[in-house]
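Enquirer: The listed protein sequences correspond, in order, to chains F and C. Quick note on this note's numbering: the first sequence kicks off at 12 and runs consecutively. Quick note on this note's numbering: the second sequence kicks off at 533 and runs consecutively.
Take these hints with a grain of salt, some might be off.
As the list claims (entries may be wrong) - Far from chain F by the CB rule (all over 12 Å, computed), these chain C residues:
id, residue
1, Lys535
2, Ile536
3, Leu539
4, Gly542
5, Asp552
6, Arg556
7, Ser589
8, Asp606
9, Gln615
10, Ala640
11, Val649
12, Asp651
13, Lys653
14, Asp654
As the list claims (entries may be wrong) - Heads up, incomplete: computed chain F residues facing chain C, CB under 10 Å, no partners named:
id, residue
15, Val20
16, Val29
17, Asp48
18, Lys51
19, Arg61
20, Arg85
21, Gly117
Please keep in mind that the hints were generated in silico from the structure rather than gathered at the bench. Positions of the beta carbon are idealized from the N, C-alpha and C atoms, including for glycine.
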Amino acid sequence: MAVVSTETVPVRSEADVVTVRRRVRETAAQLGFGLVDQTKVVTAASELARNTLIHGKGGEMVMDTLNGPRLGLRLIFQDKGPGIVNIDLALRDGFTTGSGLGLGLGGAKRLVNEFDVTSRVGEGTRITAVRWK
Amino acid sequence: MEKIPILRMGEFLLVTIQVDMHDRLAMTLQDDLTNRISETGAKGVLIDISSLEIVDSFIGRMLGNIASMSRVLDAHTVVVGMQPAVAITLVELGMSLDGVRTALNVDAGMELLRNSVDDEKDVRYGSRFY
Chain F
12 MAVVSTETVP
22 VRSEADVVTV
32 RRRVRETAAQ
42 LGFGLVDQTK
52 VVTAASELAR
62 NTLIHGKGGE
72 MVMDTLNGPR
82 LGLRLIFQDK
92 GPGIVNIDLA
102 LRDGFTTGSG
112 LGLGLGGAKR
122 LVNEFDVTSR
132 VGEGTRITAV
142 RWK
Chain C
533 MEKIPILRMG
543 EFLLVTIQVD
553 MHDRLAMTLQ
563 DDLTNRISET
573 GAKGVLIDIS
583 SLEIVDSFIG
593 RMLGNIASMS
603 RVLDAHTVVV
613 GMQPAVAITL
623 VELGMSLDGV
633 RTALNVDAGM
643 ELLRNSVDDE
653 KDVRYGSRFY
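Only chain C is shown next, with the shape it has when bound in the complex (with noise of 0.2 Å):
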């Protein structure tokens, strides 16, 4: 069966979407970060889809609950790469995307999910100063 590779780093998910994916490899991929992110603890996920030409209501759909999925499992998503046509037409269609982070690119991406995980330790750990 055509599954979407997701490749683990440190204690991040990568994933890049690189096919046109029909609604149900959007919906296995969806299964799969969830069970690999409750496997191994991750606490980020970095999805790369600058490789997809477009982003329709079910991609979309697809975005918005992997973010709260992984959210319930202690983890941050950022989807990034982002293609400026696929930005415009996404938000015509009526699909704002509240609740996924967004990066321009992978190491932006990387950044922001470094320094959620970084803050949250702060958090739980008390060692930044108010």
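For reference, chain F alone in the conformation it holds in the complex (with noise of 0.2 Å):
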């Protein structure tokens, strides 16, 4: 698997979650997704930089173009934020700790093909999603 081209776009402002919905749905329109596929992923992308934003106080999204064995595109979300304390918790649906509908951690994994949370108390948050052509 190769990085074909990398980007990052800061998640510092409710503009740059606008932004990155922007960027997400432009990359995947030239990697050829398909519209159902595209829609999926920038909403996906919306959820994770609106968590970066609110949760993690602001970080950054580095999106990734991957080849081979397929076509892919790989979001990266971090954070220096106060961390999650218990991941399992944050990814079921309802579950929220900020005024939202607790949907955005577990409708993200649903809409890609590869979810991953590291995350340290304290220290703060990755998000890795990965969307596949």
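Once you've looked at the hints, go ahead and assemble the two chains, each given alone in its own frame, into the complex.
Expert: Structure below.
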């Protein structure tokens, strides 16, 4: 698996969340993703970017395009926020420490093919999502 | 400040969301619509989302809130024009938009609103034979 291109987008404001959506959309379209797949990966990115902004107190998204054996899009959201105490609980639908519906993490996981969360309390969180073409 | 325009047509309010909304803009729309319903005594709200390329959990929640708030203020809400890819994604995300009435396009949405309002008048004034 080779990384073909990489791009970093800051996630520090609500406007940045919109930029994340736009860049993920453009890149997914360039990779030849169909409309439904584009919509799924952009929606997942929107949920994860909001998560980084609100719970992680801001961070960044690293977007890699992958090639071999298949084309894919890998999104890594990382922050130096307070971290997630219980990842299993955070992934459960309906669980929220914010004001949302608690669908963000679990919902994003359902919209991609690979999903991984690593987090250390007090140090930050790194969420990796991959959608293959 | 950036705002989404709300048009008044008779006893209905019409909103077309044409921009990629950031979260605060969505909250502003929710507040503005609630205020306009209260000021105008509108009986129906039609929200056209045909230009929206995604509906995530935040926007989904906003649509649900608008529907609930308008109901409490004696108005009906219909969301129209959702793109098929958006509908597929929304359900997979885990949001079924319970409590939000939808129609395929503006025409169907207006008809749904008119029928809902007429039904209510019939019940209120007892003009219907059962």
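Enquirer: May I ask you to test the interface hint for F:Gly117 with respect to chain C, counting a Cβ-Cβ separation under 10 Å as satisfied?
Expert: holds (7 Å)
Enquirer: Does the claim that C:Lys653 lies outside the interface with chain F hold up, using a Cβ gap greater than 12 Å?
Expert: Holds, since 35 Å exceeds 12 Å.
Enquirer: Closer than 10 Å between Cβ atoms is the bar; does F:Arg61 clear it against chain C? Give me holds or violated.
Expert: Holds. Min distance 7 Å.
Enquirer: Over 12 Å to the closest beta carbon of chain F is the bar; see if C:Asp552 clears it.
Expert: violated (5 Å)
Enquirer: In terms of Cβ atoms, is chain F entirely out of 12 Å range of C:Leu539?
Expert: holds (24 Å)
Enquirer: For the hint on F:Val29, does the least C-beta distance to chain C fall short of 10 Å?
Expert: holds (5 Å)
Enquirer: Any CB of chain C closer than 10 Å to the CB of F:Asp48?
Expert: holds (9 Å)
Enquirer: Hey, is C:Ile536 genuinely clear of chain F, shortest beta carbon separation above 12 Å?
Expert: Given a closest Cβ separation of 14 Å, the condition holds.
Enquirer: Is it the case that C:Ala640 keeps its Cβ farther than 12 Å from each residue Cβ in chain F?
Expert: holds (23 Å)
Enquirer: Are all beta-carbon distances from C:Ser589 to chain F longer than 12 Å?
Expert: Check fails; 4 Å does not lie beyond 12 Å.
Enquirer: Does the claim that C:Val649 lies off the interface hold, with its Cβ farther than 12 Å from every Cβ of chain F?
Expert: C:Val649 is indeed farther than 12 Å from all Cβ atoms of chain F, at 30 Å.
Enquirer: Minimum C-beta separation from C:Gln615 to chain F exceeding 12 Å: can you confirm that?
Expert: Given that some Cβ of chain F is not farther than 12 Å from that of C:Gln615, nearest at about 8 Å, it is violated.
Violated hints, in rising order: 5, 6, 7, 9, 15 and 20; the structure is consistent with all others.
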